[in-house]
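Asks: With chain A fixed as given, assemble chain B onto it according to the hints.
Protein chains: 2
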Amino acid sequence: MNISPTNSAQNSLFQKMEQVRRRQGKVRDTHITLAHGSGGKAMHDLIDDIFVSNFDNPILSQLEDQASFDLANLIQQGDRLAFTTDSYVVDPLFFPGSDIGELAINGTVNDLAVSGAKPLYLTCSVILEEGLPVEILRRVAASMNAAAKNAGIKIVTGDTKVVHRGAADKLFINTAGIGVIPRGVNISAHNIKPGDAVIINGEIGNHGTAILIARGELALETNIESDCQPLHSLVETILHICPQVHAMRDATRGGLATVLNEFALSSNVGIRLFEESIPVREEVNGVCEILGLDPLYLANEGKLVVLVSKENADNVLSTMKSHPAGKDACIIGEVISSPPGIVLLKTVFGAERIVDMLVGDQLPRIC
Amino acid sequence: MNISPTNSAQNSLFQKMEQVRRRQGKVRDTHITLAHGSGGKAMHDLIDDIFVSNFDNPILSQLEDQASFDLANLIQQGDRLAFTTDSYVVDPLFFPGSDIGELAINGTVNDLAVSGAKPLYLTCSVILEEGLPVEILRRVAASMNAAAKNAGIKIVTGDTKVVHRGAADKLFINTAGIGVIPRGVNISAHNIKPGDAVIINGEIGNHGTAILIARGELALETNIESDCQPLHSLVETILHICPQVHAMRDATRGGLATVLNEFALSSNVGIRLFEESIPVREEVNGVCEILGLDPLYLANEGKLVVLVSKENADNVLSTMKSHPAGKDACIIGEVISSPPGIVLLKTVFGAERIVDMLVGDQLPRIC
Numbered sequence: 165m166n167i168s169p170t171n172s173a174q175n176s177l178f179q180k181m182e183q184v185r186r187r188q189g190k191v192r193d194t195h196i197t198l199a200h201g202s203g204g205k206a207m208h209d210l211i212d213d214i215f216v217s218n219f220d221n222p223i224l225s226q227l228e229d230q231a232s233f234d235l236a237n238l239i240q241q242g243d244r245l246a247f248t249t250d251s252y253v254v255d256p257l258f259f260p261g262s263d264i265g266e267l268a269i270n271g272t273v274n275d276l277a278v279s280g281a282k283p284l285y286l287t288c289s290v291i292l293e294e295g296l297p298v299e300i301l302r303r304v305a306a307s308m309n310a311a312a313k314n315a316g317i318k319i320v321t322g323d324t325k326v327v328h329r330g331a332a333d334k335l336f337i338n339t340a341g342i343g344v345i346p347r348g349v350n351i352s353a354h355n356i357k358p359g360d361a362v363i364i365n366g367e368i369g370n371h372g373t374a375i376l377i378a379r380g381e382l383a384l385e386t387n388i389e390s391d392c393q394p395l396h397s398l399v400e401t402i403l404h405i406c407p408q409v410h411a412m413r414d415a416t417r418g419g420l421a422t423v424l425n426e427f428a429l430s431s432n433v434g435i436r437l438f439e440e441s442i443p444v445r446e447e448v449n450g451v452c453e454i455l456g457l458d459p460l461y462l463a464n465e466g467k468l469v470v471l472v473s474k475e476n477a478d479n480v481l482s483t484m485k486s487h488p489a490g491k492d493a494c495i496i497g498e499v500i501s502s503p504p505g506i507v508l509l510k511t512v513f514g515a516e517r518i519v520d521m522l523v524g525d526q527l528p529r530i531c
Numbered sequence: 165m166n167i168s169p170t171n172s173a174q175n176s177l178f179q180k181m182e183q184v185r186r187r188q189g190k191v192r193d194t195h196i197t198l199a200h201g202s203g204g205k206a207m208h209d210l211i212d213d214i215f216v217s218n219f220d221n222p223i224l225s226q227l228e229d230q231a232s233f234d235l236a237n238l239i240q241q242g243d244r245l246a247f248t249t250d251s252y253v254v255d256p257l258f259f260p261g262s263d264i265g266e267l268a269i270n271g272t273v274n275d276l277a278v279s280g281a282k283p284l285y286l287t288c289s290v291i292l293e294e295g296l297p298v299e300i301l302r303r304v305a306a307s308m309n310a311a312a313k314n315a316g317i318k319i320v321t322g323d324t325k326v327v328h329r330g331a332a333d334k335l336f337i338n339t340a341g342i343g344v345i346p347r348g349v350n351i352s353a354h355n356i357k358p359g360d361a362v363i364i365n366g367e368i369g370n371h372g373t374a375i376l377i378a379r380g381e382l383a384l385e386t387n388i389e390s391d392c393q394p395l396h397s398l399v400e401t402i403l404h405i406c407p408q409v410h411a412m413r414d415a416t417r418g419g420l421a422t423v424l425n426e427f428a429l430s431s432n433v434g435i436r437l438f439e440e441s442i443p444v445r446e447e448v449n450g451v452c453e454i455l456g457l458d459p460l461y462l463a464n465e466g467k468l469v470v471l472v473s474k475e476n477a478d479n480v481l482s483t484m485k486s487h488p489a490g491k492d493a494c495i496i497g498e499v500i501s502s503p504p505g506i507v508l509l510k511t512v513f514g515a516e517r518i519v520d521m522l523v524g525d526q527l528p529r530i531c
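Note that the protein sequences, when read in sequence, are chains A and B. Per the numbering used here, the very first residue in the first sequence carries number 165; after that it's consecutive. Per the numbering used here, the very first residue in the second sequence carries number 165; after that it's consecutive.
With the rest of the complex left out, here is chain A (with noise of 0.2 Å):
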């Protein structure tokens, strides 16, 4: 056969073919299959009719293997660029207050967002286990598009993977992020000084018991939601205010202790904390009496610590509160120069006990 472009019943063909390809791509399968991953066709349905019509805008819509933004731009927002990624695997994907799709963003927002900058572009790459809803798919999709939304974020470039049934579990994700840090901002770990206030803007534990809650291995009923939130808005507000903040991290995956641990180490102070300020939900405490586990070291996805100076302290405390993701912010601990590297705890009672990092693991796959 010679196909020549000549032949007019040939370019009826070829006008017809290229009518399809061009048509908006839709999944018409109902669950995720090999083919989702080829790089082919059934890819590039998946990806148009999942990704790039829920995050619509047009950086990703290009669909170049990369995108790219005028630096101009950048520089006008600050002097330095934040470059961060994590990846999720949360189990289940759906659970009280949040799900995979939402603390995908919130949490590399957060990562951020804790350096100051003001975050702008994330990436979002999938691993599909064969066989998955493809109704789960455009469900965490549409509820990163919110949280992309909700955040002033746009999702700018992507990949899509596909393993065989077994090869993983469900749907993992990773986003990377970058912003920009304003001029003059300088939050690192190896800043705080002896004297510094350990602030937080809320109760901790919520996302590590939800979590567990919603596992249903146990046999309990809790209110406790997730606190998956973005917390840029929160530090835009504190930076505006004192720009000269010392530290500042969203305490994730190992909890408040494993924070204040990683800061104790990297500015060589000790840190004391005090039990009776921190805020523990009742039902929090109730779970980890059960179990045998400590609110210190559950995972938080909204729960910002701050390390600032004790002149500033009280200023930061009421800005954070009159903000909403910062309404229960409390002075929870203070800087101390001896024991440097170590976290103690003031208890209830008056007793001081050492929090030290975690050993072994409380919860996996907690995000």
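Hints listed in this document are in silico derivations from the structure and should not be mistaken for laboratory results. Possibly wrong hints are sitting among the right ones.
The list makes no distinction among identical chains, and a pair is therefore deemed to hold if it is satisfied within one copy or across any two copies.
As the list claims (entries may be wrong) - Dumping the calculated DSSO-like pairs for lysine-lysine here, alpha-carbon to alpha-carbon at most 27 Å:
| hint | residue 1 | residue 2 |
| --- | --- | --- |
| 1 | K474 | K510 |
| 2 | K318 | K282 |
| 3 | K205 | K357 |
These numbers were taken from a predicted model, which means no experiment stands behind them.
Replies: Using the frame of chain A, we list chain B on its own:
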């Protein structure tokens, strides 16, 4: 018990604790456990021992939740930032000519390079299956490190997750990357014009065939190795003599056919390939004939497709041939105005057939 820092016995205890915790973390386990993904001590040791020591650079070793760079340095190198991501799920992890670690670096380096960008910084996020031998992870990290050095990029931040045995297949890697696009370079799948020449830098199908053979499902032995290589230097050389290149892309998953279909649709042009000009190894053709595969759809990991005006074609071709990554470069096709959106292949017998976008799946987990 009341631990007071004034007690000298306690102070000595604190000092010992601090020494232990400051010691460069070493992984003593032989296999990955859930604790390595907990956010606690085991994870910090794993990151120190496997990643930070391997990828040693001052940005990563800060161990903040995000890396940061001066925008002023970036803007000296160009006017646009390129940003990309890919997850890597290739099976097996090690195969003739390369492995998942090298692939995860070169794949993302190449996605940046084909925009004309100089690749600069990469993230590294791993999802590990409980029970993975630590030695495997160490080999993969060493391979990533060697590839990063070879490509002149830095791995600046990362993430580690561990899932239960059976919830992932050994090891998945995600890398995201940023680079800077030099002023005056404007490479896009939308820029292609009728008359353009289609150039490729060498043999197609080697990576796909190497993986297929490595899986051991065929009783075949060949010398075929993956073509996994970074393409940034070849791209830089091409742009140096011809900044007006219209489009470039690396032909990975979905093969040469997929890239050319994407090009044809994006620029609304036709593309005619000359079968006799397309370099395919005899062994690759042999494997394809046995299995009913088509080399045009087989994955590559070091193949650059360049679309350039007819006037610049010879100059670009000879420049590519002078570069080690382009020594087998050749012109394999031409861009035609009609039929738009369609790729045609002029076969060795003189007939023409349509090379459609891949339908279904040739080979899962190829990258």
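Asks: Run every hint past the structure and note whether it holds.
Replies: Here is what the structure says about each hint:
1. K474 / K510: within (19 Å within a copy, 76 Å between copies)
2. K318 / K282: both (12 Å within a copy, 23 Å between copies)
3. K205 / K357: So K205 and K357 pass the 27 Å test across copies only (24 Å; inside, 57 Å).
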